[in-house]
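Based on the sequences and whatever the hints tell you, model everything.
So the chains spell out like this:
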Amino acid sequence: MWPPNAALEALELAHPGRSSIVRALCALLADRDAAPPFLYLHDAFCPRRTHVMLTDVLRSVNARASVVDARSCISQRAFFSAVLRQLTSGDLELEKSWTDSVDGFCAGLREILGISSPSERVPRSLTKRKTRKSKSRSPTKKTPTRRRRQAVESDSDSDNAMNVDSDNAMPLGPVVLAIDSAEHLRDHLADLLVPLTRLHELARIDITVVFVSSNSWIDVQPPFAAAPDPYMIHVPPLDKESMIATLSLPYAGPPALLSLFRQFIASLYATCSAFIRDPDELAYIAAVTWPPVAARIQEFEDGNAPSDVRLVQGLVPAFHAALDALYTRALAPEEFTALHLAPFLSSISADRPFSPSKTAPSSPSKKGPVQENLEAQALADDLPRVAQFALVAAYLASFNPPKSDIRLFARSTEERRRRQAKTTKGKRAAVAKIPPRLAGPAPFPLDRLLALMGRLMEDFDAPVDDEEEGMVDLHDIAREQAEMDGGRVQTLGLISELATLRLLHRVGSADKALEGPPMFKCGVSYAVALALARNLGIPLADYLWEAN
Amino acid sequence: MSAPSPTRSPARKKLSGPFIDVPAQRAAVLRALRHPPPTEGDENGWAQDDAFQSLRDLLDGTITRGEGNTCMLLGPKGCGKTRIVDRALDVFPRRAIVVRLSGHAQLSDRHAIREMARQIGEQTGRVVDVEGLEEEEESDVDLMDDDDSPDKVDEKLLPPSSQILSLVARLPSLPRPVVVVIDALDLFTAHARQALLYCLFDTAQSIRIDSKAKGLAVIGVTSRVDTINLLEKRVKSRFSHRVIRLSSPQTLNSYIGVARALLSAHPLDESGTTEQQFHWDSSVEEFLADDTVHDTLSDVFGLSQDVGLLCRVLTACVLEMTSSPPYLSSAALQAAVTAQCGPSRFPFLSALPYPHIGLLIAANHCRSAGHDVFTFEMLHERFETQIRTSSSAPVQLGGVSIGMLKCPRSVMSASFEHLIQLKIFQSAAPTGPSVSKQFAKYRCVPDRHDVRLAVEETGQTNLRKWLLKDQT
Numbered sequence: 001m002w003p004p005n006a007a008l009e010a011l012e013l014a015h016p017g018r019s020s021i022v023r024a025l026c027a028l029l030a031d032r033d034a035a036p037p038f039l040y041l042h043d044a045f046c047p048r049r050t051h052v053m054l055t056d057v058l059r060s061v062n063a064r065a066s067v068v069d070a071r072s073c074i075s076q077r078a079f080f081s082a083v084l085r086q087l088t089s090g091d092l093e094l095e096k097s098w099t100d101s102v103d104g105f106c107a108g109l110r111e112i113l114g115i116s117s118p119s120e121r122v123p124r125s126l127t128k129r130k131t132r133k134s135k136s137r138s139p140t141k142k143t144p145t146r147r148r149r150q151a152v153e154s155d156s157d158s159d160n161a162m163n164v165d166s167d168n169a170m171p172l173g174p175v176v177l178a179i180d181s182a183e184h185l186r187d188h189l190a191d192l193l194v195p196l197t198r199l200h201e202l203a204r205i206d207i208t209v210v211f212v213s214s215n216s217w218i219d220v221q222p223p224f225a226a227a228p229d230p231y232m233i234h235v236p237p238l239d240k241e242s243m244i245a246t247l248s249l250p251y252a253g254p255p256a257l258l259s260l261f262r263q264f265i266a267s268l269y270a271t272c273s274a275f276i277r278d279p280d281e282l283a284y285i286a287a288v289t290w291p292p293v294a295a296r297i298q299e300f301e302d303g304n305a306p307s308d309v310r311l312v313q314g315l316v317p318a319f320h321a322a323l324d325a326l327y328t329r330a331l332a333p334e335e336f337t338a339l340h341l342a343p344f345l346s347s348i349s350a351d352r353p354f355s356p357s358k359t360a361p362s363s364p365s366k367k368g369p370v371q372e373n374l375e376a377q378a379l380a381d382d383l384p385r386v387a388q389f390a391l392v393a394a395y396l397a398s399f400n401p402p403k404s405d406i407r408l409f410a411r412s413t414e415e416r417r418r419r420q421a422k423t424t425k426g427k428r429a430a431v432a433k434i435p436p437r438l439a440g441p442a443p444f445p446l447d448r449l450l451a452l453m454g455r456l457m458e459d460f461d462a463p464v465d466d467e468e469e470g471m472v473d474l475h476d477i478a479r480e481q482a483e484m485d486g487g488r489v490q491t492l493g494l495i496s497e498l499a500t501l502r503l504l505h506r507v508g509s510a511d512k513a514l515e516g517p518p519m520f521k522c523g524v525s526y527a528v529a530l531a532l533a534r535n536l537g538i539p540l541a542d543y544l545w546e547a548n
Numbered sequence: 001m002s003a004p005s006p007t008r009s010p011a012r013k014k015l016s017g018p019f020i021d022v023p024a025q026r027a028a029v030l031r032a033l034r035h036p037p038p039t040e041g042d043e044n045g046w047a048q049d050d051a052f053q054s055l056r057d058l059l060d061g062t063i064t065r066g067e068g069n070t071c072m073l074l075g076p077k078g079c080g081k082t083r084i085v086d087r088a089l090d091v092f093p094r095r096a097i098v099v100r101l102s103g104h105a106q107l108s109d110r111h112a113i114r115e116m117a118r119q120i121g122e123q124t125g126r127v128v129d130v131e132g133l134e135e136e137e138e139s140d141v142d143l144m145d146d147d148d149s150p151d152k153v154d155e156k157l158l159p160p161s162s163q164i165l166s167l168v169a170r171l172p173s174l175p176r177p178v179v180v181v182i183d184a185l186d187l188f189t190a191h192a193r194q195a196l197l198y199c200l201f202d203t204a205q206s207i208r209i210d211s212k213a214k215g216l217a218v219i220g221v222t223s224r225v226d227t228i229n230l231l232e233k234r235v236k237s238r239f240s241h242r243v244i245r246l247s248s249p250q251t252l253n254s255y256i257g258v259a260r261a262l263l264s265a266h267p268l269d270e271s272g273t274t275e276q277q278f279h280w281d282s283s284v285e286e287f288l289a290d291d292t293v294h295d296t297l298s299d300v301f302g303l304s305q306d307v308g309l310l311c312r313v314l315t316a317c318v319l320e321m322t323s324s325p326p327y328l329s330s331a332a333l334q335a336a337v338t339a340q341c342g343p344s345r346f347p348f349l350s351a352l353p354y355p356h357i358g359l360l361i362a363a364n365h366c367r368s369a370g371h372d373v374f375t376f377e378m379l380h381e382r383f384e385t386q387i388r389t390s391s392s393a394p395v396q397l398g399g400v401s402i403g404m405l406k407c408p409r410s411v412m413s414a415s416f417e418h419l420i421q422l423k424i425f426q427s428a429a430p431t432g433p434s435v436s437k438q439f440a441k442y443r444c445v446p447d448r449h450d451v452r453l454a455v456e457e458t459g460q461t462n463l464r465k466w467l468l469k470d471q472t
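From first to last, the protein sequence lines stand for chains A and B.
Everything in the first sequence is counted per full-length UniProt numbering, starting at 1 for the first residue and increasing by one.
Everything in the second sequence is counted per full-length UniProt numbering, starting at 1 for the first residue and increasing by one.
What the hints contain is simulated information worked out from the structure, not anything from laboratory work.
Among the hints, erroneous ones may be present.
Result set (BS3-like, lysine-lysine): computed pairs, CA atoms no more than 27 Å apart in a straight line [said to hold, decoys possible]:
(1) B:406 <-> A:240
(2) A:240 <-> B:469
(3) B:441 <-> B:423
(4) B:465 <-> B:423
(5) B:77 <-> B:214
(6) A:240 <-> B:423
(7) A:433 <-> B:469
(8) B:465 <-> A:433
(9) A:433 <-> B:441
(10) A:403 <-> B:441
(11) B:465 <-> B:406
(12) B:236 <-> B:214
(13) B:423 <-> B:406
(14) B:437 <-> B:406
(15) B:437 <-> B:423
(16) B:441 <-> B:469
(17) B:437 <-> A:433
This is the structure we're talking about:
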């Protein structure tokens with residue numbers, strides 16, 4: 001059913017910038033006979049809004065629709081059940097066999113829709129059916145058996161029975177099965193992909209299957225061209241006007257602030273659009289930042305409020321901060337408001353005009369590393385001292401090549417030179433080697449970790465003689481080594497605990513545990529390793545083969 | 001490849017005539033595109049009538065004379081195999097029990113046998129007993145509630161494989177002839193021992209006309225040309241080797257004829273006057289005679305003769321039709337071909353935001369350096385280096401530095417994840433819990449040409465210069 005003009009206009013207003021797609025969908029889905037069997041809506045930027053738009057269109061064309069999310073359907077049974085329940089609207093009990101297999105699902109669809117193929121319909125002379133054992137069921141709900149019997153006995157032999165509602169003889173809308181996040185079907189329900197794309201053939205009914213996905217059909221389609229190609233609709237990103245109109249739609253504040261809100265949205269778009277094209281993400285930032293601003297403005301009396309332009313200009317640094325904090329979900333909305341908006345808003349006063357440059361929140365580019373350093377410092381404070389040595393040693397073992405150990409840690413100068421001379425020889429690689437800090441930590445054996453750790457502890461954890469400060473007592477070193485040997489069990493236990501905390505990553509499967517020494521990879525970042533090294537007094541940069 | 005069209009006209013006339021009800025006309029054409037009408041054969045060779053006649057004769061032998069027949073319908077996808085079967089079955093309404101199986105739905109013979117029993121039960125009005133299948137369904141209902149694994153429950157409900165022969169052998173004894181239509185026949189050959197095909201072909205072969213048995217026809221439908229070779233010897237020997245071949249339109253004229261037949265549909269409700277219908281037909285003729293349209297359809301025909309593709313292209317073209325003027329346009333057809341005929345995998349590449357494009361360029365630089373596989377850290381390093389380089393020159397324009405825009409690392413990381421989600425970056429090595437997010441290895445799917453086009457479309461000089469840096 002083609003929607004009335006008023007409904008169509010309302011749809012276009014609710015989805016700015018999507019007029020052509022809305023009209024195309026309405027035309028395609030207006031009539032069950034004309035609806036294509038398989039549609040594919042590809043929206044790379046905001047499939048959620050496309051899904052909402054499709055749902056609105058289905059409602060306006062009076063479609064008998066079932067809308068499911070592929071992410072929530074973890075099994076075939078769950079998928080079939082979700083689809084059939086929506087189509088029955090609760091007035092028909094589902095047979096268990098309908099959710100067993102594709103065949104049962106198709107039979108269930110036909111049963112629910114009251115459809116039987118003309119060539120497969122039972123003649124009147126053969127309508128005697130063996131009654132099934134029926135369980136006690138709610139008298140208000142029609143059982144499938146009763147419904148089937150009614151359908152058979154009604155002798156509805158007109159060829160267009162499937163297009164006419166038996167109750168009011170009105171043409172029915174299309175039957176649509178819309179699947180959101182269809183790319184997840186490949187992960188959970190790969191066996192269902194082909195039957196779904198051929199559902200109209202298998203079920204012998206005029207049904208339209210619509211996939212909504214952020215991936216292209218090439219990435220979703222099953223191999224060997226087993227599925228027919230769909231009718232493609234590519235949903236482009238919103239342009240500036242449409243995006244601003246979309247973001248301005250949910251405004252429900254006082255009318256006096258509408259003008260300011262529009263400028264606020266325009267400023268938000270101008271600041272963040274280079275980084276974000278998803279209207280939902282921009283709407284999230286607006287939803288967090290606008291209410292405190294509106295509340296603060298409403299505190300002013302008429303005529304004393306600061307001008308809109310200056311206020312919006314002052315919010316630009318907050319928008320920058322929101323990119324780093326809100327878009328990445330690094331901060332909760334309350335934290336963000338307290339950290340970035342509250343100082344700015346409190347600086348606005350009627351008698352003292354604010355200066356955006358002076359009241360700007362902290363720069364977002366500096367905030368991330370600062371927070372990371374704080375977290376690293378907290379970790380360094382929490383860990384025991386030996387564990388800190390172990391992690392620094394693990395970092396060095398992961399990011400230094402094994403050949404560099406002697407050169408970096410050898411005590412003898414001659415040995416260092418010899419190793420250096422050896423290492424300079426060699427063929428030059430055709431392709432530049434990727435530094436470990438970019439390629440990621442390399443695995444190392446447990447022995448290497450223990451050796452480096454022992455060496456670091458020897459150099460930086462040795463007790464200093466009180467009488468001769470700065471001179472290390474050799475006896476103490478020997479004692480330290482002996483103690484360390486004695487505490488090796490604890491050390492191994494500690495390394496195990498660090499692996500449990502995911503600060504060290506165990507590499508290799510448990511089956512190969514006997515084939516060699518246990519292998520590990522460092523699980524801490526450079527910032528954490530640096531904080532730990534500072535805690536221990538180790539000059540980390542001196543022990544790194546390639547400086548970060 | 002493409003013959004000149006006889007309808008080609010040097011200049012297009014301006015049409016003037018009565019008002020065309022665009023929604024009604026559009027709906028009529030869409031309806032025709034959804035259910036293409038049977039096309040009559042022409043002198044150029046695309047005739048499905050022969051195939052239809054053969055199939056009808058075969059069904060006539062089974063339904064009227066009680067023969068056992070087997071045949072295979074072979075043709076490329078979209079050529080109308082299923083439609084021909086439906087047309088042929090419609091000739092004998094309600095005189096046969098039609099069992100439809102599909103290799104896409106019945107993944108094993110046990111599924112197929114259960115589906116056969118269900119369909120026969122539906123059409124005969126009595127339950128076909130496949131070793132107490134009905135009783136098992138009823139008694140196992142409670143088990144299904146407790147068991148979360150659907151496959152295990154499914155196995156319980158399926159009949160044993162040994163029952164295939166007993167059910168198939170009973171098909172000729174049913175009150176009416178049976179026609180078994182097997183879609184995707186080639187997939188059935190992968191079932192264990194091809195047991196169902198063997199039983200069906202054997203039963204069809206062993207039917208004698210003088211006996212009281214009703215007929216049985218087995219019609220396999222497939223697009224795979226070597227399906228017969230996939231049959232085992234004992235199965236192949238029971239197959240009649242009757243192959244009915246279908247083809248897509250063989251010539252451009254046939255192809256355009258199909259388009260003409262589809263576009264010339266008229267509204268069902270007869271609301272439009274004959275004059276309006278005549279006017280619409282004239283506009284369709286004029287549309288098809290247009291040189292651009294002819295060339296575009298010729299290109300599509302050269303690429304694929306699939307009628308389904310033609311239907312999708314025409315659907316997109318018809319949807320672009322507006323009230324003023326209410327005609328099909330060649331520009332809309334070209335846009336439809338671009339959208340439907342081999343659409344780009346990443347049509348949104350140029351619309352990606354700045355960090356995404358920056359990462360794409362960095363990935364291209366990595367590729368140029370010989371590193372097809374990269375990590376986030378590698379891309380971020382290159383991006384940061386480029387920002388430092390571009391902002392080192394103390395040049396400002398209107399008080400703003402002309403260097404590249406800075407972007408926080410967290411935003412870059414989020415952009416990287418979005419590119420993975422969009423399948424632009426695809427995993428190049430197995431990821432596990434021991435691999436940190438920033439060191440997981442990925443590969444860039446769009447090639448250098450795609451990235452270059454996208455960067456040029458963005459119009460950002462800084463990005464373009466950065467991309468071209470590694471090509472010098």
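Which of the numbered hints are not met once you compare them with the structure shown? 2 and 5
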